[in-house]
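Asks: Model the placement of chains F, U and D with the ligands on the given structure of chain X, informed by the hints.
Chains as they are written, first to last, in the numbering used here: chain X, 15 to 341; chain F, 15 to 341; chain U, 260 to 590; chain D, 260 to 590.
A few of these clues could be false.
Claimed, not checked - To be clear about the criterion: a stretch of chain F counts as covered by chain U if any three or more of its residues have a C-beta under 8 Å from a C-beta of chain U, and this derived list gives those stretches:
| id | stretch |
| --- | --- |
| 1 | 59-71 |
| 2 | 137-145 |
| 3 | 191-199 |
| 4 | 302-310 |
| 5 | 315-324 |
To be verified - With a straight-line Cα cutoff of 16 Å, these simulated EDC-like cross-link-like pairs (lysine to aspartate or glutamate) come out:
| id | chain 1 | residue 1 | chain 2 | residue 2 |
| --- | --- | --- | --- | --- |
| 6 | D | K428 | F | D63 |
| 7 | X | K206 | X | E241 |
| 8 | X | K297 | F | D63 |
| 9 | X | K233 | X | E325 |
Hints are computed from structural coordinates only; laboratory data are not their basis.
Every residue, glycine too, gets a C-beta built ideally from N, C-alpha and C.
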Amino acid sequence: MAKRRFIQAINDAMFEEMERDPRIILFGEDVEISMFGDTKGLRDHFGPDRVRDTPICEALLTGMAVGMAAAGWRPVLHMMFSNFMYTGFDAIANQMSKLHLMTGGQMKLPITVMAGFGGGRSTAAQHSDCPYPLFMNLGGINVAVPSNAGDAKGLFKTAVRSNDPAIFLEPGGRGGELGEVPDGEHLVSFGKAAIRREGRDVTIVAIGAMVKLADQAAKALAANGVEAEIIDPRTLVPLDEETILASIAKTRRLVIVDEARDRCSAASQIAAVAADRGFGLLKAPVKRVTVPNVCMPYAPVLERSVYPSSERIVSTVLALVSNQEAI
Amino acid sequence: MAKRRFIQAINDAMFEEMERDPRIILFGEDVEISMFGDTKGLRDHFGPDRVRDTPICEALLTGMAVGMAAAGWRPVLHMMFSNFMYTGFDAIANQMSKLHLMTGGQMKLPITVMAGFGGGRSTAAQHSDCPYPLFMNLGGINVAVPSNAGDAKGLFKTAVRSNDPAIFLEPGGRGGELGEVPDGEHLVSFGKAAIRREGRDVTIVAIGAMVKLADQAAKALAANGVEAEIIDPRTLVPLDEETILASIAKTRRLVIVDEARDRCSAASQIAAVAADRGFGLLKAPVKRVTVPNVCMPYAPVLERSVYPSSERIVSTVLALVSNQEAI
Amino acid sequence: MRNDYQNPSQETLLAMYERMLVIRETEEYLGAQFRAGELPAGVHLYIGQEASGVGICAHLSDEDWITSTHRGHGHFLAKGGDPYAMIAEIHAKADGVCGGFGGTMHVADLSRGILGANGIVGGGLGIATGAAFAAKLDGKGKVAACFFGDGAANQGTLMEAMNVASLWKLPLLLVCEHNGWSEFTRSEVATSGNILDRAQPFGIPAQEVDGNDVGAVWRVAGEMIEAMRNDGGPGLLLTHTYRTRGHVEAEINFLSQSYRSEEEVASWEARDPLDRAVALLAETGMATEEILVVRERVKTLIDAAAARAQAAPDPDPALVKSMMFSEVDAW
Amino acid sequence: MRNDYQNPSQETLLAMYERMLVIRETEEYLGAQFRAGELPAGVHLYIGQEASGVGICAHLSDEDWITSTHRGHGHFLAKGGDPYAMIAEIHAKADGVCGGFGGTMHVADLSRGILGANGIVGGGLGIATGAAFAAKLDGKGKVAACFFGDGAANQGTLMEAMNVASLWKLPLLLVCEHNGWSEFTRSEVATSGNILDRAQPFGIPAQEVDGNDVGAVWRVAGEMIEAMRNDGGPGLLLTHTYRTRGHVEAEINFLSQSYRSEEEVASWEARDPLDRAVALLAETGMATEEILVVRERVKTLIDAAAARAQAAPDPDPALVKSMMFSEVDAW
Ligand SMILES: Cc1ncc(C[n+]2csc(CCOP(=O)(O)OP(=O)(O)O)c2C)c(N)n1
Ligand SMILES: Cc1ncc(C[n+]2csc(CCOP(=O)(O)OP(=O)(O)O)c2C)c(N)n1
Ligand SMILES: [Mg+2]
Ligand SMILES: [Mg+2]
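Bound conformation, chain X alone (with noise of 0.2 Å):
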């Protein structure tokens, strides 16, 4: 075990990646020099063919990374900031996510498309969005949302030794989060969720950055007496249901943490999941601490406001546990 940065652990692993299979491209906007250090020292070690810099022009690079994976070559392209994926946002929707059904098969994508995500940092909303529900209901593209550096190093390399498109979202800001990375190879599965903390009171599903929040949450709860059960679904696409059913089958309570706006979000289909296959388990109605629908205000008074935090979970939790004989 080794300690590294998020950041480091995703350059770690693009190195080890791209030294292995030689059909991997990067490309992108500034990806020699690197803004957020994850596609650093990759030009000089692998060269011009293999590492190249892009104009800006979003909804061409989204389109070539389809031309390059169907013509043989394994791109993995880097948007910069999530939002901007909305500006190349055609040929993930209406090419690389339907391909492969539209060819009958013939078609395989071997496409990364990676991103930084998330507010939390007055960025204000156009640089702080969390796309992954769009991304979620498109079909056909697995979503990474990986929350610790161990984890980044696991599923980036499943996504690029993948023959399926993936996305895979960098939480925005927390590069410099240092974890526990395994030696030797690594690799984390997709559709395998993690527990983060065994409880017995109630299931917190986290996702990507809002996993650290859960976990401060769950201390605070401790304290009160109620032990949470932190599920950390890690792949969005595909959604491990079973782990996140098997813990409700425990503890029968359920919170949601995304940090996504609200409305048709991760936490919604994981509530709508557990509605469906997990009514018969739940004693409580099942709580989503999420983005109202709102974009990210710049301020930093206002951010705050609605973005999710350990205080919100505490205290829903709570609000759901002193609840119980209510329902």
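Replies: Showing chains F, U and D with the ligands alone in chain X's frame:
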């Protein structure tokens, strides 16, 4: 009450509103000749300044709608098929939905973006998407999905009179369907669901074209002694949660029929609301009848296998009702 | 050594004529089937434009890539796609080249470098640019040709593609098939200036050609593609042509007014690319009987393909579940 | 009667100099605040480019529209935006021109025709084209100016905008501020050919100008805008300039290597647009003391605005709920 075709009702609404308000401008690809019929005759009547064919350049068109609205006009942008909204997605997701907040409320955006949507007619993957879950997640955009001619007229009028952006979706291939349209000025408010049928045993929330299927299902169910209540939300943003919850309070069971792909669908959102605010009212799992996470195949036999049907609604409801004691 | 693209040989010309005939026969059949209510969805016919796709694809092998449009049957067949597999696809049958999943607007055959017809206008531009980048990385002299219409030329991704392809010297042949219309909008209404000029700011060589003259298309495309194979960077080729059928078969059913004159259509029918190919063949001294033999052969081929496609089984709905992903089953 | 844009009067020149000073002082302040950890987010400074925005906006009234970029403080102030309201916005205060909701990349003042800075590169192109269409419909000789960078010129919406604006003869002034860099990528790496040439296929008149010479910018922009007001259709203006600060303030903290030479920066600092405006004023016979008076006035103004902004209250979180919609409250 006059009988009008779905598409005629929209056309009537456009005529009446453009007559009423000279600042409404209609533009889009082939709006002059009008492929669907909804914009038929408007060019001749209102002239080239107010009704205008555009080049094929969706990315610009959505941006133009924002600029026109910001500069004091009331654009109606016809995007033809809703998949092409992805081509113009950047300005919808990064500008239209955010600028009111980003400008601290300065920028009013009275924009209507309209398009046909949905599958069922072998138009295949790129002409059949049901994109409202994406727009619901963005925030800042109202979303109207009429299920019949009368609502189409009334909702369209509300959309163009609103000072906020609205997406108005016409169920593809149902333009010819006849329906009652109230005479005279007819407006349908946003955020007010309609109870299409009363019943005591199960609540079926059905969206857009799904209302008709729900209705067929309800008739079949009635023959089995099961009385379904059908709720048509009419707008998904804002969503009339109260009417849905009131119905669940009566029936204690909920099935949602949505022709979107399941993951992060409107159905999932409504299920999530039920699992939270309606939890104590429910005595059975919340079921979703949706399109599995797949884009539309071309072959009718394949498409039918994934498209919601009244049979699927019936069997879902019957399983719920018969299973009630098992929970 | 540089090839001489001055004159296609009689053999080449005949092969191209036969390919054009295959397209024409197939599409005449499909149009009739649609009108008879035998197809599940409308078809966008390439009839009248055959020389453009055929003259260009004659220079491409299965190792080269093409992307196509909603009007993609012709490109599919020109690039060597199997008529039976395409007809079966459009009949929504299990034997279809996409198993019945794609349909008329999405015919694709990756084994032949056909990356697919595309229902999104301009959707091929990014894909072809990516394939051209792949071709460059492969280093084997492959090229990618992107077919798109005059309407699609107004999508900004064209400029983006030209910029990247020029900077990276990609072997990308941008083929704008200028048929004067995008749906029901006349080109002049939607397009400012001359599309050919749009390549100039990027230093991309651009040529235009009579797109109904398969010999001319073959010559110009041959030169451009050969240059590309020798690391020559992108090119823009504008083929002037016309769809003598509607935008989509049976548009008459939903349009309340006509959008073009009968004279306009007739004037282009008089320049039919197949008739002109026959004239070119005659110039090479080919006898009418020999041409009739080809015609018969094609007719027999397509008739047989059609009959077989009609009799083919429907696809199995159990397959849908596994079709969104190649590996994980995630629905 | 046609105006003579040969020589800005001393008065005009002085007013422009003052406006440039306002930008410079404001941004020097903001940069220092960021480095001191007093701002919630990084700022993209316009320092070095002031002549471009000011020389152009000098011809615009509150009735005209502009759209701007992530590097938008200068355009906001050049178009007459209030320094206090902008500084307060960037300090995330309730008095901010967007109530603290927008921040540095989104400063907007609709009452002055400032449709907003924009965090999406190229995001202003569609908005400005729409505003230009609105201007045309208004029929009062208004114009819309769209500021964008050389990096943004590679977004395809530029071509789309030129096509529509040319077809519809919209009063759209496309202003490409060419500072040689997009983030950390040199223009030559990302841009094929000369951006100026991109207007040619659309028949759009294009001019380039020394963007650090406010007099020259004023002259060229004046002519172009006047033509537009008289139904002249769109134009492209390329202003050659340079950002002497980083892409974003304090980029040094996250970049592991430098991307440009000190000599390059120094050579542009030697062509500082404010110094050159002073030289122009001296040519008109203005005394150094008079210029110093202006400098003092601006310094006092910005110091006061800054102090007031720092003391202003935070925005009220209760407002967030009502900020996504103007009418219905739907969250
Ligand atoms: C992104 C997108 N916008 C609009 C359409 C609808 N549409 C289909 S074909 C077409 C016209 C295309 O014209 P052109 O590119 O000239 O091709 P042609 O039909 O003439 O071959 C349009 C607007 C579409 N399919 N995709
Ligand atoms: C759509 C989009 N892509 C990428 C970015 C990230 N980004 C911000 S500024 C910038 C460079 C812009 O260069 P240019 O247009 O020349 O403007 P300059 O910064 O030089 O003023 C980039 C790539 C963005 N904000 N939006
Ligand atoms: Mg055309
Ligand atoms: Mg620049």
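Asks: Quick one: see if chain U covers the stretch 137-145 of chain F, three-plus residues with Cβ-Cβ under 8 Å.
Replies: It holds: at least three residues are needed, and the stretch 137-145 of chain F offers 5 whose Cβ sits within less than 8 Å of chain U.
Asks: Count residues of the stretch 191-199 of chain F with a Cβ under 8 Å from any Cβ of chain U, then say if the count reaches three.
Replies: violated (count 0)
Asks: Three residues or more, CB to CB closer than 8 Å: is that satisfied between the stretch 315-324 of chain F and chain U?
Replies: Holds: 5 residues of the stretch 315-324 of chain F have a Cβ under 8 Å from chain U.
Asks: Under the criterion that the straight-line Cα-Cα distance not exceed 16 Å, is the pair K428 (chain D), D63 (chain F) satisfied?
Replies: 12 Å, holds
Asks: Would the hint linking K297 (chain X) and D63 (chain F) be met if the CA-CA limit is 16 Å?
Replies: 61 Å, violated
Asks: For the pair we were handed, K206 (chain X) and E241 (chain X), check the Cα-Cα distance against 16 Å.
Replies: 23 Å, violated
Asks: Residue count check for the stretch 302-310 of chain F against chain U: does it reach three with CB-CB under 8 Å?
Replies: Holds, because 4 residues of the stretch 302-310 of chain F bring their Cβ atoms closer than 8 Å to Cβ atoms of chain U.
Asks: Please work out if K233 (chain X) and E325 (chain X) have their alpha carbons no farther apart than 16 Å.
Replies: Since the Cα atoms of K233 (chain X) and E325 (chain X) sit roughly 11 Å apart, the hinted pair holds (cutoff 16 Å).
Asks: Would you check chain U against the stretch 59-71 of chain F, counting CB to CB pairs closer than 8 Å, and say if three or more residues qualify?
Replies: holds (count 5)
In terms of the numbered hints stated before, the structure departs from hints 3, 7 and 8, listed from lowest to highest.
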